[in-house]
Every structure is written in C-alpha cells, then in structure tokens.
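A.B. asks: Listed below, chain by chain, are the residues.
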Amino acid sequence: MRATRVFFYTLLLLSSACGAQDQRLGTFKSITGEVNVAQAGTMRTAETGGGLQSVDRVLTGRDASATFMLKDGTVVSVGPNSTLELAKVQFDTTTQDGSLMLNLLQGTIRVVTGWLAKLHPEQVMVNTPTSVVGVRGTDFIVEVP
Amino acid sequence: MSSMLKLTSGLLAAGLLCACAPASRVILLPEASGKPTAVEVKTVMASQLLSTPYQTASVSKSGALALGTTDPQVVQERYGRLIAQKPAPDEQFLLYFEPGGSQLTAASLEVLPTIVARALARQGGEIIVVAHTDRVGSVSANDALSLHRAKTVRELFVVQGFKPDLVDAAGRGERAPVVATDDEVAEPQNRRAEIIVR
Numbered sequence: 001m002r003a004t005r006v007f008f009y010t011l012l013l014l015s016s017a018c019g020a021q022d023q024r025l026g027t028f029k030s031i032t033g034e035v036n037v038a039q040a041g042t043m044r045t046a047e048t049g050g051g052l053q054s055v056d057r058v059l060t061g062r063d064a065s066a067t068f069m070l071k072d073g074t075v076v077s078v079g080p081n082s083t084l085e086l087a088k089v090q091f092d093t094t095t096q097d098g099s100l101m102l103n104l105l106q107g108t109i110r111v112v113t114g115w116l117a118k119l120h121p122e123q124v125m126v127n128t129p130t131s132v133v134g135v136r137g138t139d140f141i142v143e144v145p
Numbered sequence: 001m002s003s004m005l006k007l008t009s010g011l012l013a014a015g016l017l018c019a020c021a022p023a024s025r026v027i028l029l030p031e032a033s034g035k036p037t038a039v040e041v042k043t044v045m046a047s048q049l050l051s052t053p054y055q056t057a058s059v060s061k062s063g064a065l066a067l068g069t070t071d072p073q074v075v076q077e078r079y080g081r082l083i084a085q086k087p088a089p090d091e092q093f094l095l096y097f098e099p100g101g102s103q104l105t106a107a108s109l110e111v112l113p114t115i116v117a118r119a120l121a122r123q124g125g126e127i128i129v130v131a132h133t134d135r136v137g138s139v140s141a142n143d144a145l146s147l148h149r150a151k152t153v154r155e156l157f158v159v160q161g162f163k164p165d166l167v168d169a170a171g172r173g174e175r176a177p178v179v180a181t182d183d184e185v186a187e188p189q190n191r192r193a194e195i196i197v198r
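Chains as they are written, first to last, in the working numbering: chain A, 1 to 145; chain B, 1 to 198.
Since the hints were derived computationally from the structure, they do not count as laboratory data. Just so you know, not all the hints are guaranteed correct.
The list that follows gives simulated cross-link-like pairs (lysine to any residue, SDA-like), each with its CA atoms no further than 25 Å apart [to be verified]:
1) K88(A) to E184(B)
2) K42(B) to Q23(A)
3) K35(B) to P72(B)
4) K86(B) to A40(A)
5) K42(B) to Y79(B)
6) K61(B) to N81(A)
7) K118(A) to K61(B)
8) K86(B) to G51(A)
9) K86(B) to E85(A)
10) K61(B) to D97(A)
11) K88(A) to G51(A)
12) K118(A) to G33(A)
13) K86(B) to K61(B)
14) K42(B) to H120(A)
15) K42(B) to D63(A)
16) K163(B) to S30(A)
17) K86(B) to T42(A)
18) K151(B) to E184(B)
19) K35(B) to G73(A)
20) K88(A) to K35(B)
21) K163(B) to S54(A)
22) K118(A) to K35(B)
23) K151(B) to P145(A)
24) K118(A) to E184(B)
25) K151(B) to I196(B)
26) K42(B) to A21(B)
27) K86(B) to A38(B)
28) K88(A) to N103(A)
29) K88(A) to L49(B)
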C-alpha cells in the first residue's frame, strides 16, 4: 500500500517536471514601448503577465523598457535598445538548486538577485561580449553601450 | 592648413571618444538594508571585485579593467527608468493542512479570496505556492507529498478564476521546517503552505 502511494507521488512528480507550467522561467511585470521576445527564429510581442522560457531573447526598442521576475525572485529590468538572452536559466524549486546565466549583448540591465544567488552565488552570472560579472551581492547595473 | 587642423582635431576627438566609451560597464548598487554587497568583474585580462556601493568597473574592448566611482545622482540621471521599475515587495501568507493529507483547514480556506484579490491588484501578479511536510516518511516521499499539497492549493486558486500560468506550485518536502524536529516526528506547524504574492 505504502509502495503504491510512493509510486503514485513519484508519477505526479515526474509528470509535473514535464508539464508546460514548469517551462516558464519568469513573468513580465511591466512593459513600456516596443518589447519583443525572440526564440528560435520566431518573434512575439512581450506583454505584462506573459512568460519567459529558456534561451528567449528580450529585445527592447528605442524608449522601450521591460521588467521581468524569474522563478527564484530575481528581478531584471531591461533598458532601451537592449538585447538580453536567457542563456542558461533553470531552477529546481524543490531543492533550490539551479543556474542563472544571462547574456547581455547590447544595452542596459539592472539585476536584483533572488534565492539562487543567495544559496548558490557561483551559479549566477551576467556575460557581456567583453566580461563576466559574478554575483556576490544582489543589486547592480550592467551596460553594453 | 585649417582643414589639416580640423582633420587632426577630428582624429583626436575620435581617439578620445574611444578611450572614454568602454565596451561594457558595471555599477554596484547599495543593498536596501545596508548589508555588505559585491560583484566580481572578470575579463580575459583581469579580475576585480566591486564591494563598495556606487563603485564602477569599465571594461575596454581588449579586456582592460578600470575601476571608478559614481554617485546616486548620476545613476538616477542615466538609469532613472531602470531604477524606478522595481516591483512592489512580495506579500506572504501561511496556510495549514488538516493532518495526513492535502486538505486545507477551514480557517486557511477563508484566506484564499484575499490572496487572489491581492494578486489581481498587481501588474503581472503571480501566486507562488510553496508547500512543506513534517518529517514523517522518507525524504523522497515527502518531496512528492509536498508537491501534491502545493498542486492541490494551486488548483483552488485556478478554480477561483486565477490564470493557471500565473500560479506556480513548488514542494520543498521536509527540508525547511518551521519547528526543528527529529526524523519521523509529526509536527502540525510544519505541514504548511507558504503563499507568495508577487
């Protein structure tokens, strides 16, 4: 009986790991101006409450900006004329492990980190074409003019 | 002669521009609570730790690093909009389960409409359900049980009309108790769901 229950819960756990809900890595909290999200050759317009998935690229136009929150509570604000890629982002909400690697190709971001940086700072970094920013605190700006 | 002069000064200006426009720039902002903070900036050539608020690192195309400082006024002028975009702080609620399953207590059920209303009041508002167990049972069985609890509560929010995409369910098993106990000890206070509205 007990074994059956464990098996049932294991199935639940597995099905949730594959479920669409868990693919969402973050949610847009505010959008100003023209903001798009590019993924594997397709492009969609970003909207408040909309989701972000792995390897999405956030593209902001002139005078545009966007703020999104990732699963671990990290808040990323993207300034105008920016291209930001969610290069390697994953969260295990059970064990609170994961990784958060952002590539800032162009423009400006402000990052306020969440539980992943607190628990596993070595797993959190922002890459620019010329540098790697490793996180030891929570709040910073990175700019690629 | 004058055109020669113009050319020279033009080249000089271009040279200066290159020298003062870095390929990337990092600015450390203060912690809200005044706690110590730092970021490490690494390039192919060098590595530097920024550990004082408003310290900056400028990286040249070749990877050379130059440290500097800025101040709140300059940051406000240049990045005012980025700074202004911070979402309101999280709101938290605690729900408790009847012993032995995923049924919420009557008192906890009454809180659900308030939680939904608080989440709807936010732009892109989300509800995060983080459920826990006590230490009766194995770690893996409790991971599964806590996830089942979280998903049960998540379903209640969805039934109330909240958008499914914006409710996240996480089970943390027995690893984050409120009351520390030995293994295999039943503890009602640990059988809980933390609700984060953000």
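A.B. asks: Please go over all the hints and tell whether each is borne out by the structure.
C.D. replies: Right, here's what the structure says about each hint:
1. K88(A) to E184(B): violated (38 Å)
2. K42(B) to Q23(A): violated (31 Å)
3. K35(B) to P72(B): holds (17 Å)
4. K86(B) to A40(A): Given that 25 Å is the threshold and the Cα spacing comes to 29 Å, the pair is violated.
5. K42(B) to Y79(B): holds (23 Å)
6. K61(B) to N81(A): It holds: about 20 Å lies between the C-alpha atoms, which stays within 25 Å.
7. K118(A) to K61(B): violated (31 Å)
8. K86(B) to G51(A): holds (18 Å)
9. K86(B) to E85(A): holds (20 Å)
10. K61(B) to D97(A): This hinted pair is violated, its Cα atoms lying about 34 Å apart.
11. K88(A) to G51(A): Roughly 16 Å between the alpha carbons, so the hint for K88(A) and G51(A) holds.
12. K118(A) to G33(A): At roughly 33 Å apart (the allowed maximum being 25 Å), G33(A) and K118(A) break the hint.
13. K86(B) to K61(B): The given pair, whose Cα atoms are some 31 Å apart, is violated under the 25 Å limit.
14. K42(B) to H120(A): Distance ~18 Å between K42(B) and H120(A) Cα, so the pair holds.
15. K42(B) to D63(A): violated (30 Å)
16. K163(B) to S30(A): holds (17 Å)
17. K86(B) to T42(A): With Cα atoms ~29 Å apart, K86(B) and T42(A) exceed 25 Å; violated.
18. K151(B) to E184(B): holds (24 Å)
19. K35(B) to G73(A): Status holds; Cα separation ~19 Å.
20. K88(A) to K35(B): Given that 25 Å is the threshold and the Cα spacing comes to 28 Å, the pair is violated.
21. K163(B) to S54(A): It holds: about 21 Å lies between the C-alpha atoms, which stays within 25 Å.
22. K118(A) to K35(B): holds (13 Å)
23. K151(B) to P145(A): violated (44 Å)
24. K118(A) to E184(B): violated (30 Å)
25. K151(B) to I196(B): holds (14 Å)
26. K42(B) to A21(B): Given that 25 Å is the threshold and the Cα spacing comes to 18 Å, the pair holds.
27. K86(B) to A38(B): holds (20 Å)
28. K88(A) to N103(A): holds (9 Å)
29. K88(A) to L49(B): The hint holds at about 24 Å.
In terms of the numbered hints stated before, the structure departs from hints 1, 2, 4, 7, 10, 12, 13, 15, 17, 20, 23, 24, listed from lowest to highest.
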